[in-house]
Each structure stands twice: as structure tokens, then as C-alpha cells.
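Visitor: Starting from the known structure of chain A, fit chain B onto it as the hints suggest.
Residues per chain, in single letters:
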Amino acid sequence: MADKDYILESIPAEKFRFVNQDERIHDKKFDDKPIGYFKDAWIRFKKSKASVVAAIIILLIVLYAILCPFLITSHNATFMANLYAKKPGRVSWLKDIGIADGGMKRNFSERGLQSKLAIGVGAENYDGKHNMTVSEAMDSEYMPMIKYKETAQGYTGKIDTYLEVGFIYRSIEQAEYQRIRDWENETGLRVLYPLIADNEYTYSFDKTDANFWYKVDAKGSPLKVNSSGEARRIPMSDDMVFEDNYLRDDSGNVVYYTYAGGGDQNTAQYKVRVLYYNYFQYLYGHEPNYILGTDAQGYDMALRLAGGIKLSLEISIAVATINFVIGTLYGAVEGYYGGTVDLIMERISDILWDIPFIVLASLFQIHLAAKVGAIPSLLFVYILTGWIGTASTVRTQFYRFKNQEYVMAAHTLGARDRRIIWKHIYPNTLGTIITSSALAIPSVIYQESNLSYLGIVKLGSSKVTSLGTLLSDSSGIWTNYPHLMILPALTISLLMICFNLFGNGLRDAFNPALRGTEE
Amino acid sequence: MKMGKYILKRILLMFCVLFIITTIYFVLIRLLPRELPLEKVQAEAIKARWEALGYGKPLLVQYWIYLKNIFTKWDFGTSWYISYRTPALELMNSRLAPTVLVNVYSILFSVPIGIALGIYAAIKKNKWQDSLISVLVIVFVSVPSYVYAFLVQYFLYFKLNLLPLQMYALADAGGSYFTWKMFKSMIAPILALSFGTIASLCRNTRAELTESLTSDYMLLARTKGLTNSQATWRHALKNAMVPIFPGIIAMFFGVLGGSMIIEQIFSIPGVGQLYIRSINLFDYDVYMLDGIFYTLLGLVAGIFVDLSYGIIDPRIRMGE
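Residue numbers (the numbering used here), protein chains in the order written: chain A, 1 to 519; chain B, 520 to 839.
Just so you know, these hints were derived from the structure itself, not from any lab. Possibly wrong hints are sitting among the right ones.
[Said to hold, decoys possible] Pairwise CB distance ranges, derived in the manner of DEER restraints: (1) A:V372 / B:E554: 43 to 49 Å; (2) B:F674 / A:E110: 26 to 32 Å; (3) A:R418 / B:C535: 32 to 38 Å.
All C-beta atoms in this analysis are idealised placements derived from N, C-alpha and C, irrespective of residue type, glycine included.
Just chain B, same shape as in the assembly:
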């Protein structure tokens, strides 16, 4: 019961923070100078829409109208330049699938490899395998993800010609994100995203597992007659996973927010690309919605991390 109360409290708090940040965005974005397009019909339409949104009135009134539209009509504004007269939310929703898919694939790909490598390094602690993995981890954690993107493009497209250079458009790949052709074109960005994730996961796993391997309960497990591998699998690994698991969830949200540059390089029609385009084209409503989206992502990630600590590790009690 305490848990439920805590979650409720956290979610309420999250919405408070989200409201404050949204207000900051709103003020900052509405203060920006805006221009009407040269084309007359478009300009008229935009002008009429601005009128309805209360432009020229005090900011507080404008914000009231904005919030009212959101809560009564679920209307986050309209895109004028990226996609003429499309509701911003609709545009955003259409961009969610590729971003989420690429990131889910990337996490699915990197979690087993990262954890396996981390376990291997921890078991082989201070041997050459461990040192090799440690060096690689430092390199792969440090190198920015776009460098991997270039490398993947260079080797898998130009040298070996195995993968397409960029992600296919929906129409080219049979109208669905779940076709084999589409998946094939996603492999390159998935790989580019995965290297860093694998490396940091491997590092965390190694650190946690070496700690639990040297702890007292391992000694107990060995004295009561378990073999080394039994003790490792049943006791050390389980305990080591406690902080790793929430790390993975946080990682997922982190990658979701940080894959902007990968989306740009592989021309993935995702949320990150939408964000960049909305900045360049001054499509403020989309820009605002995208900003809120990224903020929400971060907030949810934070809650997940805190919660999953409590769920997995009963020693950490929530709400105390």
C-alpha cells in the first residue's frame, strides 16, 4: 500500500514539474519573433489561427487558451511548415514508431551482449581477457555514437555493400515498419546505437559482479558446498543485477532522447529528426510538443529508476 501511495505521489510530483517546465517553454517560445509565409492563402490561414490562439493578447491569456485547447480538445497546436495544417500531435504520433522501434531493437540487441561480456570480464578478473574488455569498454564508452554511425556506414555499406545507407521510407518498404526490408535498413542505426550501450552495460555489470563475487555470502555459499559456478549463478549474479536492471530502463529512455543524431545520419523519420526540422523551419507548435515529449521522457525515466530499485531490492523501501 505504501508503494502505491509513493508511486501516486511521484506521478503527481512529475506532473507538477512538467507543468512548470511547459510554462517555461511556452513563455520562451511565444516570445520568439514569428513571420508569416509569403504565400497568401497560407498566410491568411495562419493569421486566422493565430487570432484564435490569442496572439497579441497578454501571455497569460495565451497560455490559458493553449492549456484549454489541450485539455478540452487534446490539441497541441498545428504544424504549418513541416506538414501543412497537420495537428502537431498527429505528426508526433506518426514519428514515434520508428524512434521507439530502433531503440527497442538496439536495447534488445545490446543488453544480452553487454551483460554477457560484463559477466565474462568479472569472472576473468585481472586476467588478460578482463584487461582487453576494460580497454575496449573505455574506448567504446568514450567514442561518440555518430562516429560508430560513420564506421557502420563506411564498412557495411561502402566496403561490403551489405546494408542500405539510410533507413527506407515507409512506402519503399511495403508500408509497414515490421517488414524484413525495413528491419534490414534499421540494422545500421541499431548497430550504431548499440556499441555505447553494450560498453556501458558491460562496465556496470563487471563492477557490480566483482563486488558481489568478493562478498561474504559468496563465501558462505561456497562453504555450504556449492560449486563456484553454482554460487556465481545463484547468488552473486542475482545480487549484481539489482542495480543493473533499473540502469537498463534508464538507458532505454536515455537512448530514446539521445538518438537524435543517429536519426539525422540515417534519416530515420523519428521524433529526433522532427525536432531538428521543427527548429530549422520554425514550426513552433511542433517544436514545443517535441520539447514536452523529451521532458516527459526524462521524468518518466527518473521515476522508473527509483521504482525499480524498490521492486527488485526489498532492502530499499519506498516512501521512507
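Isolated chain A (complex conformation):
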């Protein structure tokens, strides 16, 4: 003690000086920028790999839905060729490398295989003079059989389902006939083929079937008729030759049209036999290119899927917005004012919450669908009940924050209710609201597809489709045409998985309590 006193005394007063006399003491400036709530959330969101990947996939799906009509297909949304319904994907330039060739594996009977091979042979035999063997015709671009082989039960092979349509009969006017002929000369493609004679060798089971251009028996097996009129079945072999049964005039030339009825020269209808694959090109100016095939009615599947995704996203974004707006307002009023207001509003939302979604949705569809359309009536359901979840989270958040000191301080300073709600409490709840709105998207997609699959929501318009409608169109037939079910099911599954991952990522990112727990 004595030492200390001694030291203090021994230092002269003038030696003392203020440490920071000329400096002004401030808090140090931050070296880096301050991180706000949203930036913080974004940093944490970026750390979750799965959510980022999901967000990217969602972006790609959205891009697909927007760009598909421009980049992927030349068809417009109402383009439909019903003879090409339910076909798998086929693009002419991809066909050469073996993908998207419109092919399907199938089993054939001997007779069935012969009838398919005959389409390819018949397509080359456009004038009754170019008859080929099967093996020669395998190189024809109109040969539906891509490959085939014999098995114990019969034959199995892969068939181009577009070429399989083969020939059809059409009734056209004379002017149309002339236009087709002109087009044929211009492009070198053949549309008109000789008509089939109506005699004992015609396929008697269905005379409107234009594919049996060769002599067949009653069951459709190809026949060889010798000069004495004796008919014999031709067994399947690679060098078999079909005997044509074309309609010929007196001088032995094949006939391309017959008078089918109608009045004067302009309106008279003529029956012609056309090769549909080329007729399609004549009608629409391009080969049938459907990269994802066609749906159950004959619309382009790529477009239908894009339309379905677009509808799903539109509905779910609308619903998310509805949830956001109504849920916020309702929850804020409930939570902020509390007491009787809260009690009454809670009872109302409780009752609405207890009405099963499917019951409410079906009631609204029956009542309103005819007046305002299926989609708006679906949206009404969400307006009525969709926001309850959001409202209750907002309410809890308001309860948590409204009694905190800073809110009281605002009160004391004379801030009005509106200001306190929106300026002071609401920003705290934003994260939870965004999360619950984002997580509403997958459930809306699911509910919509569910309702349209069950037929409760009936879109019934050629322009609008939903993924659920595509699925419900495929029910019952998808076992024969798997792509009808696989594509929409895959799309929905992908959307659901990605939006769930994305929503979970958002939830974690907006929850500051989780900060640092992952590391």
C-alpha cells in the first residue's frame, strides 16, 4: 500500500495526459456488410445442397412449361390428329439413331405380323406394278415393322406405331384430289394409293379397313391364287410375296378413286385410299414429330404436359398468394387483438378447418363449375379454407411478439395499431409465412391432380389440361400405352419432390434458431 502511494506521489502531474485527447471514440465500422434477415436466410438456403438442386429443377420445369410451345414442338395447343392418339414418342431425325422411333414391342400372330409387313410392302406398290418381297420392303421408310423374330408362341417384334396406321379411306372432292396430285409431284411423296377390289379375296370382316390390299381369306391370312382359281395360304417367310387385290379398270390399270356420292362437279365426293403418314404431311406440312408421343385423344404430349405443369403452377401460385394475403390479415387481427375477437375468429376458422377438403371441393364444383368454370371454383375452396394454416402460424407469431418490450416501447411512443402490426410485428412473421406458402404449393399440386383424377374437377376443354386429367384419361388404357401414365406421373412426382425439398430448405433457412446447428 505504501509503495503505491509512493509511486503516485513521485510522478509529477504534468506527466499525465489524456489517452484519446484528439481522437473521437466511435464504434468500429464493420469491415463487411451487415447481414439482414433475408440475406442470412439466403446464405443458409445456399448451404443446403438438396434444396438448391430442387430449386434448379423447379426452374427447369418452369422453363420447359414456358418454352415448350416454341422450342420443342411445332404444334399449337389445339393441334390434334386422332389417328395418332396414344402413340409413343417419335421424331424423324432421332429415329435414325434408334431413340424416339415411335416403336413398341409387341407379340404378333403369324397373320398379324403379315398384315403389318403388308403395309410396308403396299406402300411401295403404289401402282400395282412394284410388288416386292418382304425382305426387300424392310428397307422401305414406310415399313412399320422395325424388327421381328420368331418365337415359340408366334412372333415378337418392334413396330413403329405411326406407320402402323397405314392406309385409310377418305372422301374428297375433285379439287382436293387435284391438289394432292400436285403436292405429290412437288414433293415426290405418295399419298394416293390404288383402291381395293371388292371380291371374294377382300377382308370381309371389315371392308373399311384399307390395309388389306392383298388377297386374303375370311380371317385375314394372305392368299396365293393360281390360274385355276385355287387359293392357298402363304406361310410367313422373308421372301414371301403378297398378291395384290387392287381394283382395276377394263384395261388392267389400277384405279385411284371412285365416285362416292354428291351432286355436281364441285361437290361430288370421291372415295380414295391414302397412306396416312404422307397424307398427314400433306395436310400439316411436316412429318408427325411428337417427341413425347401423343396423349389419349391425340394431342401432342409434350404440349399437354407443359400445359398441365403451367396450370398446376398457376393454381398453386394463386393459392399461395391467397394464403399469404388472407392468412396474414386474418392471423394478424386474431393475434394482435386477442380476447373476444380472437375467440370468435378462431371458432370460425376451426369450423372451416373441420370441413374435409374433398367435400368442400366437390360441393363447390357442383354449385359453381357450370357458372364460373372448374378452376375458379377450385380457387374459391382455397379462398374459403386454404389460408387457415397460415393464419394460425401468423397468430402464434403475433402472440409471441406483441408483448415484447420493443412493441410496448412503440406503443408508448404513440404508434398506432396499424403501424405496430405492419412495421414492428409483421416482419418477424414473414419467414414463417413464406415457408408455409411455399409448402402449400406441393399440396395444391397434389390436391388438384387428385381431384381431376377422381373426376370431381372436370376441365373438359381441349385447350386446358391438368396433370391429373392426363392421368385420369390414361386410366384403364395405360397398361397398353405405358407412356400415357408414366409421363404425367413422373412429372407430378418430380414437382412434388422438388417443391417439398425447396419448401423444407426455405423452412430451415428462415428459422434462425437452426443457425449453426448443422455444422
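Guide: Just chain B, lined up with the frame of chain A:
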């Protein structure tokens, strides 16, 4: 005693809510336009019945008659189109068995698997087994149940030909829902319903168990000399099951209400299918009853969840 009072209060409240919702349904359904069938005898019969139910009178009078019929005669109306002149309640009862059976089987199948997978994932936390299960869980939770239905149909019927495509009708399977043949035809829908349930159960179990595995009482259990597995089984698992169990009950009711699409795909003659048919055929009495049924299901589920929290976890006291 407090518990009994609470249950009674909840049940009374439930019936109040049910009454309000039923009123809403009634008004909305009675406002719908209705047509008489073209067939004359049927039309006469329906007309006579409508007369008795007070059609054309004010809605309040109609509702009074409707309620009176329910309480005095237990009469919820009549089906005209799905099954001509069958009481709606009878029709409904006949459809209950398949729905409940398929769902009970599905729950019985998925609960052990889901919990087992969840426990396994929690024990192997942050190892590759856990990550694999987590990825699968996300996929299986997200994918809609009808996609599973298609997959099951495709692989087990078309590819392997193990199961029938759809559920057998009662007559084809020996007149009972409990024959082996019937059960076999139920396997496909049971599987389709189970994937999602297993996944969400697994996720919940994992979350709860990892939380209790890292809690302080586990440390205590280990310090007092229990082995890791003993501590896990006796302490962590028991505590983790507290929120899981009511979840299972809620899940059962949820699946019961949500299996409509599965019933449609596998043509199960259940309540969900009845509902869809009653909408399509405008069989309003059946539609109304089915709607009430689904509402009741949801309400009961809610009560069960709240109650079972109290029964299993004594820390949560009811009615306070």
C-alpha cells in the same frame, strides 16, 4: 376425473361443430337443382318421397324434417340411383367394411416397418444408411399415392402376374371379406397405401429418437452403467414414442379419408368410391351422408390426437 370431464367437453364440442357443418352441407346440397329420372314409375316414387321430405317448403322446415327423420327413425335419406330405394345409411354401412379393412391392414403393415426404419436411421445418424433412408423418405413422402398404385399394378400384375389387378367383388371371393382370396386381392391397394405412411412414420420416428438420444437423461442412463442399447431401448425409445403414437392414430383416420383415389384405382367397393359415384350420379342423400361421415372422421381423429397425448405423456395435462 378431470380427464373424463375434458373428454365429455370435447365430445360435446365435436357434436356442436358437426351440427354446424351438417347444416352448411344441408343448405348447399338442397339448393342444388335436381331432376327426376325419365322412367315414370321411378319418377313417381321419388316425387312422393320428395313430398314427404318437404321439398318446396322453406329450407328450415326441410331441415327440421331431415333432422326429425334422423333422430326418430335413424333415416338419413334414400339412394335412388346407386342402389334403387336402399336407405342411404344401409348403403353406407355395406361400404364400410372394405375401406376399414384395407386401411387397417395397411396401418398394421406400415407401422412396424416405418418405426423400425426410423429407429435404424436414428441409430445410424449421419452415416450412409441414414442418408439413404432420408433420401428415400423425401421421395416416398412426396410421390402421390396413386403413382404407387400404378407402380404396384404394373409390376405385380403385368410384369410378374402375382396379384389380381383389382379387388375382387364380394361374390367372387367367397362372400366374405376375410377369405384368403379376398386378402390377396387387397394386397395391391394395401401396398399402394403403405409406402407414404411408412415414409412419414420413419421420418417422425427418426426425428423424435435423435432428439431423445441426445438428451440429458440418456447421459444419466449411460453414467449409471446402462449399455448404449439398453439406454436406447429403455429410455430414449419410450420417450420418442410419445408423439409418434397419436400420430399413428391420426394417420389411420387420415388414410381412411384419403384413400378415395386408391379405392377408385383398385375398384374397392368402399366409402370413397361411394362418394365419387354419388357425385357423378347426383345421389344427394348418399352424398350428404358420406360428407358427414368424412367430417366426423376428421373430428374424431382430432380428439384422439389430443387425448392420446394426455394418456401417454403425463406431463401434458388435459383441460387446463
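Visitor: Are the hints correct? Go through all of them and say.
Guide: Going down the list of hints, with the structure as the test:
Taking the beta carbon of each, A:V372 and B:E554 are about 22 Å apart, not inside 43 to 49 Å as hinted. Our hint of 26 to 32 Å for B:F674 and A:E110 holds, since their Cβ atoms are close to 31 Å apart. Checking the proposed 32 to 38 Å range against A:R418 and B:C535 shows it holds: the Cβ atoms sit about 35 Å from each other.
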